[in-house]
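Undergrad: Chain by chain, the residues:
Number of protein chains: 6
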Amino acid sequence: MPTLATMTTEDAADAFESAAVGVLPTGSTEQHGPALPLGMDHLAAEAFASAVADRDDTIVLPTIPVGVSPHHMQFDGSLTVSEETFTNYVSETISSVAEHGLSKVVIVNGHGGNVSALSRAARELRETQVAYAPTWNWWDAVADLADELFDEVGGHADASESSLIWHLHEELVEPDALEDAEGRGADGWGKTVHGSQIGFDTIDFTESGAVGKPSQASPEKGAQLYEEGVAELEALLEWLADRSVEDCWQRSHR
Amino acid sequence: MPTLATMTTEDAADAFESAAVGVLPTGSTEQHGPALPLGMDHLAAEAFASAVADRDDTIVLPTIPVGVSPHHMQFDGSLTVSEETFTNYVSETISSVAEHGLSKVVIVNGHGGNVSALSRAARELRETQVAYAPTWNWWDAVADLADELFDEVGGHADASESSLIWHLHEELVEPDALEDAEGRGADGWGKTVHGSQIGFDTIDFTESGAVGKPSQASPEKGAQLYEEGVAELEALLEWLADRSVEDCWQRSHR
Amino acid sequence: MPTLATMTTEDAADAFESAAVGVLPTGSTEQHGPALPLGMDHLAAEAFASAVADRDDTIVLPTIPVGVSPHHMQFDGSLTVSEETFTNYVSETISSVAEHGLSKVVIVNGHGGNVSALSRAARELRETQVAYAPTWNWWDAVADLADELFDEVGGHADASESSLIWHLHEELVEPDALEDAEGRGADGWGKTVHGSQIGFDTIDFTESGAVGKPSQASPEKGAQLYEEGVAELEALLEWLADRSVEDCWQRSHR
Amino acid sequence: MPTLATMTTEDAADAFESAAVGVLPTGSTEQHGPALPLGMDHLAAEAFASAVADRDDTIVLPTIPVGVSPHHMQFDGSLTVSEETFTNYVSETISSVAEHGLSKVVIVNGHGGNVSALSRAARELRETQVAYAPTWNWWDAVADLADELFDEVGGHADASESSLIWHLHEELVEPDALEDAEGRGADGWGKTVHGSQIGFDTIDFTESGAVGKPSQASPEKGAQLYEEGVAELEALLEWLADRSVEDCWQRSHR
Amino acid sequence: MPTLATMTTEDAADAFESAAVGVLPTGSTEQHGPALPLGMDHLAAEAFASAVADRDDTIVLPTIPVGVSPHHMQFDGSLTVSEETFTNYVSETISSVAEHGLSKVVIVNGHGGNVSALSRAARELRETQVAYAPTWNWWDAVADLADELFDEVGGHADASESSLIWHLHEELVEPDALEDAEGRGADGWGKTVHGSQIGFDTIDFTESGAVGKPSQASPEKGAQLYEEGVAELEALLEWLADRSVEDCWQRSHR
Amino acid sequence: MPTLATMTTEDAADAFESAAVGVLPTGSTEQHGPALPLGMDHLAAEAFASAVADRDDTIVLPTIPVGVSPHHMQFDGSLTVSEETFTNYVSETISSVAEHGLSKVVIVNGHGGNVSALSRAARELRETQVAYAPTWNWWDAVADLADELFDEVGGHADASESSLIWHLHEELVEPDALEDAEGRGADGWGKTVHGSQIGFDTIDFTESGAVGKPSQASPEKGAQLYEEGVAELEALLEWLADRSVEDCWQRSHR
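Going down the list, the sequences are from chains A, B, C, D, E and F.
According to our numbering, the first sequence is numbered sequentially starting from 19.
According to our numbering, the second sequence is numbered sequentially starting from 19.
According to our numbering, the third sequence is numbered sequentially starting from 19.
According to our numbering, the fourth sequence is numbered sequentially starting from 19.
According to our numbering, the fifth sequence is numbered sequentially starting from 19.
According to our numbering, the sixth sequence is numbered sequentially starting from 19.
Think of the hints as simulated: they come from the structure by calculation, not from any bench.
As the structure is a prediction and not an experimental result, all values here were calculated from the model.
One thing to keep in mind: the hints can contain errors.
If chains are identical, the list can't say which one is meant, so a pair holds when it fits in one copy or spans any two.
[What the hints assert, rightly or not] Derived EDC-like pairs: lysine to aspartate or glutamate, alpha-carbon spacing no greater than 20 Å straight-line:
1. 209 - 72
2. 209 - 194
3. 209 - 256
4. 209 - 35
5. 209 - 158
6. 209 - 145
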């Protein structure tokens, strides 16, 4: 199926008739160190979503490009909205789709900072039986493969992200800067003192903005990640298409 | 300049150094009758924004694809967020840009339903001296030319919009449906009884979803509209680039 | 019928039994240039409402005197509340009336700055089937007559408003200042640069606060406008009284 | 001075130059039993305010007619807004006045249900040094006299209120219903069980809607109450006019 | 029954089966002059609640320790949350209990500043038929006894409060400071000028923070107050346990 | 030092003079399976806080007993407030402390569901330079020791929590039910399908409510965990006491 934005309202009427699941790509526009583009997270989400756009049971919605990124704002070009605003923007978009009869939606997400807001949105949509909208984070879906491919803890602009975007948008990556990203970066996310997470912003713990081992990245590994991710997403869509919406709703009190 | 999302944070640091004005495309995803795509409004905004993306003094931000469209929700595929959510999403995105030093932004808007929310956002940003962010509606900028080209009152999915999108995305237009859009459509916006606007939703006054004379549309006229619009937008950007931000702030009490 | 505020609760019980439509006058308290009173807009609304107060099918509610006027605040005496506060104040007042069984209300409005808030209130009241509450702006209802009487674009403290208030409250008008209002005023609303509305506040485009040709005003013309407006309002009330509330509710999805 | 709404903006400029205190009348539109008008509370506030309107140091603002009355909604004709909406409406109106240079305002209040909201508004305005806006409840100011005149606990539509409105608006009172108001009414406010206030709404404890001994009312006593109240209000305005705004602001931490 | 927090979820299942009423203790942490502990109000609420914890028909919920105390913030150690936050915290806690089947809850309150917020919470819970949750203020329940025991108007850290906490937590009272509390304190709450309450904060009218005659306090009198209060609370719980929830709901429109 | 609630305001004045760090215990009241008390999380937080209460540089605030637990509501006795309400309650409490001069606070947290809300509160308090308030989760501080002691992934009512509360409050644990908790429980948190977290509530993936291997618990291991946690917390408080508040504030834009 074409994406929703490219259909007429008459086409959409047919599409909603036959579709079983919606796909909403969400990401962010924020620093990803000196080698990767600011749009990394929404470009990744969009790429995974477009891979499943031709399915007959799936309608792909427009990509939401700005996410919850207050912790990146010391780095030029980072954009952010509040958690509340993002929650509402996503939740109301999904509610709109539900008004046309599609109450199962997979949020294909490219940004870790969105996860808490997406959980809140999904919880409320489920509680009120408006929609069932679990989040699919691409890095969770390919975690095993990433462990095989890279020797890193990672977390942001790491080997995994660098490889993926290199595969998807070679022209937007500056391979020469990957060493610098790693050199002035951090090994793992955050900064801990006696069990307390005291690093609130990325600038508290990484000078380049990167966290992980981006020097291990390659477009070939990115292709592997992408292929694996798409396969997982396809499987999820099939699983959800087959599940009745009644089975999706919140379980009642014991 | 490339668009913001395609820059690294290091590129963005340079870009913010030299840029004078930001451009934020906003639109909607909503019914535009049987002949035009749901994404009409954000595709139009994006097209005008991309035309000025190569200017050295301009940074183009990501397109915000879902707008304020509650009055279109009876038509399949229409998406909407509330006026408050949209206001916040836009306002916080512009505030982000201002944190990096760019406090003049033109909102290139493709959807009439967004105008009230954009005014509120702009007013508050100006009052607090965070940013000066006037809205540029493409149809206002080309109003004289549209009057020459078409014999319509119009207002939605009309000859003007149909021509523009036909020029920009021929593949998304269904020319055969333009007659039907007009035939089952309305001549002017809304429904008035003794001076009172009693039509709250488009479905209250148009069966096809269109308002105007789309049958007069042609891609050639769309090209004229686009060219004219781009010229106006360029002129606006130059005017704003030359204006000091102090001149932009709200005037003090008499 | 007497106005609601002058009835006892027992009288009100009877009144709600026989009434078909409520009338809520809304206006503002804000600058209207050097010749007209700050209360212009709520005085006008109140005058139109009181003209229909003696109808058996109509209950007139108290006048809401402060509206959405942030764009007038540089002029002494202007009062404003936020769009959200005004929307809630109006919406909750109408909901109260609906609790007593009257679910059709005409908002008789005297201030352009209120229109967006009133639309939002009315939309939500209709969506939730609490009440159907279209706005009646007096200037829309008398637009044709005003065009005959005056040669102006107008928009604020213009010949039309000046005439009306001169007729209604001669003692509050300073006729000698009408020339000055026009001389230091603007011809039309706002300030446009290359298609963009860049004037956010009235002070951005009018020194006197007036927009239009107030020197053309006369109390006789005001009387004509008033008479015409009252006739239109009466017709609207009759039309709405005859319409079943079911016919008023939002139309369902196509 | 004339009231604000009757001034032009030019007059207002002079008025704000010479004025020391603003006066904002607030009330409600709600049941006051079978004998008194629904507008009792805002009519009372308006009457006290208009008595001081001719002072040179005072500007009287428009009357806010709908207040916080959820506990009266089972009685026909009662209107209510939420505490939050009322707080905002009052607070933003007072903030507007402060923008023109008048930062001391007396809220002349006629409705007990508004008190909590008015305290919140006043606290916040004072904390932020926008304005100092204490509430003046007319019944508190005449409490001693009322104790002399009537033998009642009272609280709503009682002898005190009945007398006052009888004096102010004889045509709106139904004297024959005062006995009934008292007979089917309550002696004191609320309903208490073992120390707990369990009556949330007036209908929980009064059938007529009245609380007190309205049969003791007379227009002569109302005149006495009014005279006494006006004298107290005048004294308050003088006291406040003489007090510097610095003395009004919140005291600092110990 | 043990308190809720000490039960397992399995125990709670049984407890909710047999219980008829919940008890939610609420208080504050705020100055109570030089002789009493900051936790006075929540310690008092907790003490009354724990006295009824062993009833078979009652489940005691956790104590909410911080309340609405903005008027005490100039005194060291005072904590406050906004009225809105407190209302939500209480209301959502009670809603949680209602989800498990217990829809009658007595709020055992120790702080006057909470009363308005608790009323709002209770009103909304009742209107929506989620729960019936009247407030029990211990000082209201023992008002007659306090009048016998003390010769004071009182209001805060007075003889009544001092006696109670002396009885409950002797180790937290500094008896030597009671004279000073009274000497530098106020006789009655607030500061009135010509009928207007102009004292917004306690520091506006009491130097020590106390209001009343704490020098009259004794632990023996505190024991009497506590015993009386517990008896009243027991009686209230029995009364409420016997009342069907249908009888508790809001009465319908007349 | 005694805890804040037990001090008089005079004592508090001295305490704030000498203190360097505040401690705010936060937890929840929610199901912890058949063997552990509902108050587990706030009892744990309170126990760690009380262990450091005697430090001269530390002021311990009251325990906040109800947290963000919507995912446990199908289990009897669970209480929850919304993320927004909890964020505000915590944030305003910490702001209160800051008003008395203490702007460094450690949130000693016992509930995973609170973490997102606490991060938001802390971020905003830091951005506005009101306070620096990092969260200390006890399970993070003792993670290494827990890995040594137990062979579990865990996550809720697991061996670690069971041991701790067994040590702290032996009387509240039902050791016989630990086997059942584990038998009908889950090994790890949540439920994942093709990379998507589809289990929103605990009841979606654990029948008993427990997640982990509680049968490995013992009070002796709990004592070890507690001792280790207290040592870490002490070290954190010392580290923070030595750090100037200027070093704590958010880093500026690159």
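Undergrad: Give me the numbers of the hints this structure contradicts, sorted from smallest to largest.
TA: 1, 2, 4
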